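Residue numbers (numbering that gives the first Met the number 0), protein chains in the order written: chain V, 0 to 183; chain S, 0 to 198.
Just so you know, these hints were derived from the structure itself, not from any lab.
There's no promise every hint is true.
[Said to hold, decoys possible] The following residues of chain V were derived to be distant from chain S, with all beta-carbon distances above 10 Å: (1) 123; (2) 131; (3) 154; (4) 161.
[What the hints assert, rightly or not] So, partial list: chain S residues that the calculated Cβ filter (under 10 Å) puts toward chain V: (5) 7; (6) 10; (7) 11; (8) 13; (9) 17; (10) 41; (11) 43; (12) 52; (13) 58; (14) 59; (15) 100.
[As the list claims (entries may be wrong)] Below, in silico cross-link-like pairs of lysine-lysine (DSBU-like), each with a Cα-Cα straight-line distance of 30 Å or less: (16) 33(S) with 53(S); (17) 24(S) with 31(V); (18) 178(S) with 180(V); (19) 175(V) with 130(V); (20) 38(S) with 27(V); (21) 130(V) with 53(S); (22) 130(V) with 43(S).
Owing to the predicted nature of the structure, the values given are computational and were not obtained by experimental measurement.
All C-beta atoms in this analysis are idealised placements derived from N, C-alpha and C, irrespective of residue type, glycine included.
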Amino acid sequence: MNLNSDDYELVREFLSGNQQAFNQLVRKYQEKIYWHARRMLGDHDDAHEIVQEVLMVMYNKLNTFNFSSSLYTWIFRIMHTRSLNQIKKRSLKKIFTFSSTKDIENPVYENVVQDLENKETFKKMERLLSKLPTKQREVFMMRNFDDLPYEEISEITGKSVGALKANYFHAFSKMKELMEKNEY
Amino acid sequence: MNIEERIIKYLENELTSEEKFAFEKELENNSDLKDELNKYLSVKAEIEKLKSAKLDSDYSNSILPEFYSRLPRGRKETLRKGLSYAFGIMLIFIISIAVLRIFFNSQIDSNTLDEFTQLLDNNQKIELLENINADTEVFNLISEKELVNLLESDLEINYEAVEAYDISYNEMINDLSDKEIEIVYEEILNKNILEEVSL
Numbered sequence: 000m001n002l003n004s005d006d007y008e009l010v011r012e013f014l015s016g017n018q019q020a021f022n023q024l025v026r027k028y029q030e031k032i033y034w035h036a037r038r039m040l041g042d043h044d045d046a047h048e049i050v051q052e053v054l055m056v057m058y059n060k061l062n063t064f065n066f067s068s069s070l071y072t073w074i075f076r077i078m079h080t081r082s083l084n085q086i087k088k089r090s091l092k093k094i095f096t097f098s099s100t101k102d103i104e105n106p107v108y109e110n111v112v113q114d115l116e117n118k119e120t121f122k123k124m125e126r127l128l129s130k131l132p133t134k135q136r137e138v139f140m141m142r143n144f145d146d147l148p149y150e151e152i153s154e155i156t157g158k159s160v161g162a163l164k165a166n167y168f169h170a171f172s173k174m175k176e177l178m179e180k181n182e183y
Numbered sequence: 000m001n002i003e004e005r006i007i008k009y010l011e012n013e014l015t016s017e018e019k020f021a022f023e024k025e026l027e028n029n030s031d032l033k034d035e036l037n038k039y040l041s042v043k044a045e046i047e048k049l050k051s052a053k054l055d056s057d058y059s060n061s062i063l064p065e066f067y068s069r070l071p072r073g074r075k076e077t078l079r080k081g082l083s084y085a086f087g088i089m090l091i092f093i094i095s096i097a098v099l100r101i102f103f104n105s106q107i108d109s110n111t112l113d114e115f116t117q118l119l120d121n122n123q124k125i126e127l128l129e130n131i132n133a134d135t136e137v138f139n140l141i142s143e144k145e146l147v148n149l150l151e152s153d154l155e156i157n158y159e160a161v162e163a164y165d166i167s168y169n170e171m172i173n174d175l176s177d178k179e180i181e182i183v184y185e186e187i188l189n190k191n192i193l194e195e196v197s198l
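Chain V on its own, in the form it takes in the complex:
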């Protein structure tokens, strides 16, 4: 059993009917969920929807969580699946509406990044990450932004460690190339 005692206690409390325990879990993980979704999807609206969907799944399905993995891995798996589904939906929309990906920036939503310096870096990184294929992007982000080991990424994505390492190598090389070419 994988125990993070805080998470364990909070889940137990929530399942006993303590709503505040759920709120605490949300406050603990909401930023991680948002940022992962944001980096995967490159869009605030989509990331926001993913956050809400993940919270809904947590609320309804925490009673099925058996602590065989960490709570974060469990949440991550949900987040990952939802993000991939959203990417597929967007791709389908592109095919059927002949529209390109959203390139209208909504200035309101850029304000979700708190400090000004990080805003610019964030936008540039978002642009770079959007140029990576989905499979490369996901492992690159999980390794670098979420600090997950390959074994855990394998558990989340269902892909072998070897395949993940290969994708990571290609992603890292591509990111270096893009920055070199001043596309950063």
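Using the hints provided, position chain S relative to the given structure of chain V.
Frame of chain V, contents of chain S only:
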């Protein structure tokens, strides 16, 4: 293993201790290797900057309230709704019973009135008719004599019952509402007018 692979493995701590030692040794003398490594390190540096990025607090504080607003109605609400429906149905049922009871009671009242009129003598019948609203059109259609004749022929009076129960006519009249009196009168009168007309 090419240079890129070595660099990435070095940065990911995937080289064995011997491979790492050899790589670091080579770095000291190989400027191309050093340049390549620095490019990868730049990517890592930008990532590190972003890892400290925080969500705006207004947005962050809005996530939970929005979640709860999207939550489907809880079990308590569902139960409350169910109880409201049940109460509504029960209320309709009670009202229906009350309406039906009033309807059937009015039927019973008619029968009671029939029985009552049978207890009246001629004078009582006339007095009864006089108590009916003088403005009714039906009442004005026939004379007092005709009324008496009609009542005599139509109503049967059970004197024994009247005496036995010591029924006070005035009390009976007072107990009847105007509507009840009108029903009695019309029942008696209309029956006989019709017979007169048919003759």
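Hint-by-hint comparison with the structure:
{"no.": "1", "hint": "123", "in the structure": "8 Å, violated"}
{"no.": "2", "hint": "131", "in the structure": "12 Å, holds"}
{"no.": "3", "hint": "154", "in the structure": "19 Å, holds"}
{"no.": "4", "hint": "161", "in the structure": "12 Å, holds"}
{"no.": "5", "hint": "7", "in the structure": "5 Å, holds"}
{"no.": "6", "hint": "10", "in the structure": "8 Å, holds"}
{"no.": "7", "hint": "11", "in the structure": "8 Å, holds"}
{"no.": "8", "hint": "13", "in the structure": "8 Å, holds"}
{"no.": "9", "hint": "17", "in the structure": "20 Å, violated"}
{"no.": "10", "hint": "41", "in the structure": "6 Å, holds"}
{"no.": "11", "hint": "43", "in the structure": "7 Å, holds"}
{"no.": "12", "hint": "52", "in the structure": "4 Å, holds"}
{"no.": "13", "hint": "58", "in the structure": "5 Å, holds"}
{"no.": "14", "hint": "59", "in the structure": "7 Å, holds"}
{"no.": "15", "hint": "100", "in the structure": "47 Å, violated"}
{"no.": "16", "hint": "33(S) with 53(S)", "in the structure": "33 Å, violated"}
{"no.": "17", "hint": "24(S) with 31(V)", "in the structure": "39 Å, violated"}
{"no.": "18", "hint": "178(S) with 180(V)", "in the structure": "103 Å, violated"}
{"no.": "19", "hint": "175(V) with 130(V)", "in the structure": "12 Å, holds"}
{"no.": "20", "hint": "38(S) with 27(V)", "in the structure": "34 Å, violated"}
{"no.": "21", "hint": "130(V) with 53(S)", "in the structure": "24 Å, holds"}
{"no.": "22", "hint": "130(V) with 43(S)", "in the structure": "17 Å, holds"}
Comparing the model with each numbered hint stated earlier shows that hints 1, 9, 15, 16, 17, 18, 20 do not hold.
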